[in-house]
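Asks: Chain residues, written in single-letter form:
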Amino acid sequence: MSYNETSDIKENVIILNLPATSEYVSVARLSLSGIASRLNFTVEDIEDIKIAISEACTNAVQHAYENHVKTGRIEIKMTIDEDRLEVLVRDFGNGFNLGILGTEEQKKRSEEKLGLGLGLTFIKNLMDEVEIQTIPNEGTSIRMSKLRPLNQPLTAVPLQRNQAID
Amino acid sequence: MSYNETSDIKENVIILNLPATSEYVSVARLSLSGIASRLNFTVEDIEDIKIAISEACTNAVQHAYENHVKTGRIEIKMTIDEDRLEVLVRDFGNGFNLGILGTEEQKKRSEEKLGLGLGLTFIKNLMDEVEIQTIPNEGTSIRMSKLRPLNQPLTAVPLQRNQAID
Amino acid sequence: MQSDFNIEISTQNKVPIVRIWGEVDIHNCPQLNRVLSEVLKENDHSLIINLDGVQYIDSTGLGTIAHAAKTLSNSNGTIQLVCNKPQIRKIFEISGLSQKNVNMVESEEAALGVTQ
Amino acid sequence: MQSDFNIEISTQNKVPIVRIWGEVDIHNCPQLNRVLSEVLKENDHSLIINLDGVQYIDSTGLGTIAHAAKTLSNSNGTIQLVCNKPQIRKIFEISGLSQKNVNMVESEEAALGVTQ
Ligand SMILES: Nc1ncnc2c1ncn2[C@@H]1O[C@H](COP(=O)(O)OP(=O)(O)O)[C@@H](O)[C@H]1O
Ligand SMILES: Nc1ncnc2c1ncn2[C@@H]1O[C@H](COP(=O)(O)OP(=O)(O)O)[C@@H](O)[C@H]1O
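Chains A, B, C and D are the protein sequences, given in the same order.
Position one of the first sequence corresponds to residue 85 (my numbering), numbered consecutively onward.
Position one of the second sequence corresponds to residue 85 (my numbering), numbered consecutively onward.
Position one of the third sequence corresponds to residue 5 (my numbering), numbered consecutively onward.
Position one of the fourth sequence corresponds to residue 5 (my numbering), numbered consecutively onward.
These are calculated hints, taken from the structure and not from any lab test.
Don't take each hint at face value.
With a straight-line cut-off of 25 Å between C-alpha atoms, the simulated SDA-like cross-links for lysine to any residue are [unchecked claim]: (1) C/K94 with A/N151; (2) A/K94 with B/I184; (3) A/K197 with A/S121; (4) A/K208 with C/Y60; (5) B/K161 with A/K197; (6) D/K74 with B/I184.
Work out the full structure, taking the sequences as your base and the hints as a guide.
Replies: See below:
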């Protein structure tokens, strides 16, 4: 399979594909905040989105490829719609049992990795819509979206004219 | 074709796939500078790489998909090697005749778009190695690399210890 | 840029102060964890962490601080967290950490007032 | 962030001054071009462009400035370019633009001294 034929990707979709290692989480965050800042999101919204995408990537780094020999990948697909920014963070790893969330076993497991078991909670709290799909040995994908505050044009560039006294 | 199976991508490769429109050129720049800043490049090197990647993307936006009905794509593949950062910027558009470079016809064409005909010259001046491949109606790819200044570990994080008088 | 991550350790009135700059995420948490563990070896009573230079922190950063808080709680110690950024205060609130032995304060001076 | 792109136009001693902030690239060049064309309609003799607030400029930005310089050259006008960032000076040098009717100066004051 190759990355060459990209003509059937929807417009306004940006895809970022990264190694699932800790040093790239900030790269995902930086790229996303560059995109979000063009979409008239408030500074607070952008911070929320940054944390949410970080948490999803962090999970892929920490949990998805446990016991894998090869470094896995994270795929981030950002779709800019009129009314929302949708971010899909996907890995191709172990998957997990959604039923485990909130249980004592889960809590113990999180703590072993210095985790608080709060990653998914953060995502749900910070984004407007969240949907998790996970299939054992196929991987996990989290689709999350944030509604855009106002329907302003994609890039409103302010222009000032100060005529000094001549 | 799908973006799902990513297991055969080499480690230390980051792929960014963007619409070939002007507003995304800065996204490419920002993502790349996030990556380059982790690789012990000097500030000047990072500026050079930013300009080079921008010029390549700008060409894809301005020239690659002329007369296309649908918005085309830009694919950026960054490979982090021990001794260099390699960036491959690729489009799937018109391609062009390399022989045109430096001619009067080319100069006139560039000027029509307010261009200086300097994009490729900048890339060649700012990067250590540059290779252009272009095939009519298949597209253009520019492979460019910048040598890493020193073989330091990927992320050296400074740690200071200031013991104030107690 | 994350490469600006930086930790500084100092001591005032026998209270260790850990000042952090940059973005705290999964990548530099192990380093933060090492520093905190080291500091807590010498002092298991109280600790000031100054996050005013931190632009970004996520659940892995909170987890690392929570881990130190837990160690301290074994000796009834507390963490004074200097933190004035609304966004960072907000996620500390979502996390529920502020209900345990982690106090949010406005300045190192205020923190020293409390811990003395 | 590019969304901080900003242009300010003022006039001193009848010389128009265009100050630019942010990143100048293919996306905002059309706007810069409109502003410069407008300014040159009213004054075809000289123009000061202040790039000290510009963090980034590439060949499309240089092309836009070169286009204005060409218009001015028809009336023997010049552009005084205030530019102190080494990186930006460097690419102006690579471009060869500084050999035409575009002068690099250190400050608006210096530019006004020249254009008066
Ligand atoms: N991408 C993933 N792949 C495999 N397991 C995951 C993934 N994301 C989350 N999990 C599982 O769900 C649990 C809860 O995740 P989270 O709420 O982010 O807390 P934490 O990461 O701190 O444990 C994790 O401990 C892990 O077992
Ligand atoms: N990706 C591309 N697709 C098609 N044509 C290209 C591409 N890149 C460059 N070209 C051609 O090469 C010429 C020179 O490019 P460049 O040196 O960047 O100058 P400019 O873009 O200012 O014209 C362009 O005018 C165009 O005809």
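Asks: Can you list which hints this structure breaks, lowest number first?
Replies: Hints 1, 2, 3, 5 are the ones this structure does not satisfy, whereas the remaining hints hold.
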